[in-house]
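The letter at position 30 of the sequence shown is residue 30 when you use the UniProt record's numbering, and the numbering goes up by one with no holes.
Some hints here could point you the wrong way.
In silico DSS-like links for lysine-lysine, alpha-carbon gap of 27 Å or less [to be verified]:
| hint | residue 1 | residue 2 |
| --- | --- | --- |
| 1 | LYS131 | LYS177 |
| 2 | LYS157 | LYS74 |
| 3 | LYS199 | LYS109 |
| 4 | LYS171 | LYS157 |
Here are the simulated distance ranges between beta carbons [as the list claims (entries may be wrong)]:
| hint | residue 1 | residue 2 | range |
| --- | --- | --- | --- |
| 5 | LEU173 | ILE153 | 40 to 50 Å |
| 6 | ALA169 | GLY251 | 31 to 41 Å |
| 7 | THR249 | GLU168 | 23 to 33 Å |
| 8 | ALA169 | TYR8 | 41 to 51 Å |
Since the hints were derived computationally from the structure, they do not count as laboratory data. Just so we're clear, the structure is a prediction, and the values are computed from it rather than from any experiment. A virtual CB, placed ideally from N, CA and C, is assigned to each residue, including glycine.
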Amino acid sequence: MTTTTSRYLTDALPATDFSYPYAQALRGENPAQCGYFVPLSQAEKAGWKNLEGTEMTEYAYNSGQTEVGILLQKPRMILTPICQLGAFDRQASQTEETLVVLGEWDRAKHSNDPNAGNFQIFLVMFMDANKQPLHDIPLRLFAKGSHQATLSIEWQKFCTSVARCQAEANKTLFRPKNEVFNALCIFAPIIVRKSVGDKVKSPACYIDGYVHPTVLNWQDFYMGTDERLADAIIDILNPRSRSLLSPPTAGTIMLAPAPEPDPQILQPTPAVVTAAIPPEDNSNAIDVASSPVAEESAPAPTIPTTPVVTKTKPAPAPEYIDPPEFEDDDEFEDDKVPEDEIPF
Numbered sequence: 001m002t003t004t005t006s007r008y009l010t011d012a013l014p015a016t017d018f019s020y021p022y023a024q025a026l027r028g029e030n031p032a033q034c035g036y037f038v039p040l041s042q043a044e045k046a047g048w049k050n051l052e053g054t055e056m057t058e059y060a061y062n063s064g065q066t067e068v069g070i071l072l073q074k075p076r077m078i079l080t081p082i083c084q085l086g087a088f089d090r091q092a093s094q095t096e097e098t099l100v101v102l103g104e105w106d107r108a109k110h111s112n113d114p115n116a117g118n119f120q121i122f123l124v125m126f127m128d129a130n131k132q133p134l135h136d137i138p139l140r141l142f143a144k145g146s147h148q149a150t151l152s153i154e155w156q157k158f159c160t161s162v163a164r165c166q167a168e169a170n171k172t173l174f175r176p177k178n179e180v181f182n183a184l185c186i187f188a189p190i191i192v193r194k195s196v197g198d199k200v201k202s203p204a205c206y207i208d209g210y211v212h213p214t215v216l217n218w219q220d221f222y223m224g225t226d227e228r229l230a231d232a233i234i235d236i237l238n239p240r241s242r243s244l245l246s247p248p249t250a251g252t253i254m255l256a257p258a259p260e261p262d263p264q265i266l267q268p269t270p271a272v273v274t275a276a277i278p279p280e281d282n283s284n285a286i287d288v289a290s291s292p293v294a295e296e297s298a299p300a301p302t303i304p305t306t307p308v309v310t311k312t313k314p315a316p317a318p319e320y321i322d323p324p325e326f327e328d329d330d331e332f333e334d335d336k337v338p339e340d341e342i343p344f
């Protein structure tokens, strides 16, 4: 039998308008709830492997709504930034329930403004102990305040540490590595719930260091040993140098997409039959008032059965997330990052 290869049978037809699923950093009500949270709906969209065998957590937001998902407190992750460091308006973001972007972070302009917050967006992939991805599609991580500052600082220090171990193991001189090398480094952050702030302190999801690689085990923290998998990772993350990252522009960013309207069904009005010739009618051809609209109730969402569900108490403050609604985990007034902690 002759086998023909069709270009339509390959993986060379990726979507161009794909919206990445998301993960979020939550401080929780106590240290047991602090970490990276991937809602179940987003885990499914990301193609999470062995989802039925993964432990689930039911997280309660300040609004009272709950969401089932995966809570990662000791993650192994690869990441790359997709925009430059930006500034946002804290008060306006709270009021409008959107991210009100002021523009690119300006140290001289924003560092002394208590209403200006820092943020950066990353693409991340979580890995298992064998350096295999836990999901197929990267997750979008919106990092702000103390979490963004400590994540960026500790991640850059970690990537440098891996590069130094590689140079020492190969008995060569150390050279700084580029964004491709950094995107292949498996970061194991130490996540703590820590009170931060200058005048008024409040808890935050804080990156307090990382698991350090050594000359003997540095390859356990580096994806480059598997060229085929590394190529796939680089292809989907598309890491870029800092100079090529898009600068945030002033405006608003909808952190939660607008809900789709309920489907509507137009009910036609029965025609009235008359024997006489109707008078001339100069009104619109379609009488909207005579066509009542009935809303079709949407089916209730279902949540797949999960092996373990751990219930948590409501958090004291909301967090910036995507659906179900706008939440802010770090208090805007209290999470001002000290100037010396903000990178770049």
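Checked hints:
As the CA atoms of LYS131 and LYS177 are separated by approximately 20 Å, the hinted pair is consistent with the 27 Å bound. Between the alpha carbons of LYS157 and LYS74 the distance comes to roughly 18 Å, so the proposed pair stays at or under 27 Å and holds. Proximity of LYS199 to LYS109 is assessed by CA-CA distance (about 20 Å); at most 27 Å being required, the pair is judged to hold. Of the pairs offered as hints, the one joining LYS171 and LYS157 holds, with about 21 Å between alpha carbons and a cut-off of 27 Å not exceeded.
Range check, LEU173 to ILE153: about 25 Å between beta-carbon atoms, so the 40 to 50 Å window is missed. Separated by about 47 Å at the C-beta atoms, ALA169 and GLY251 break the suggested range of 31 to 41 Å. At roughly 43 Å, the beta carbons of THR249 and GLU168 sit outside the given window of 23 to 33 Å. Our hint of 41 to 51 Å for ALA169 and TYR8 holds, since their Cβ atoms are close to 44 Å apart.
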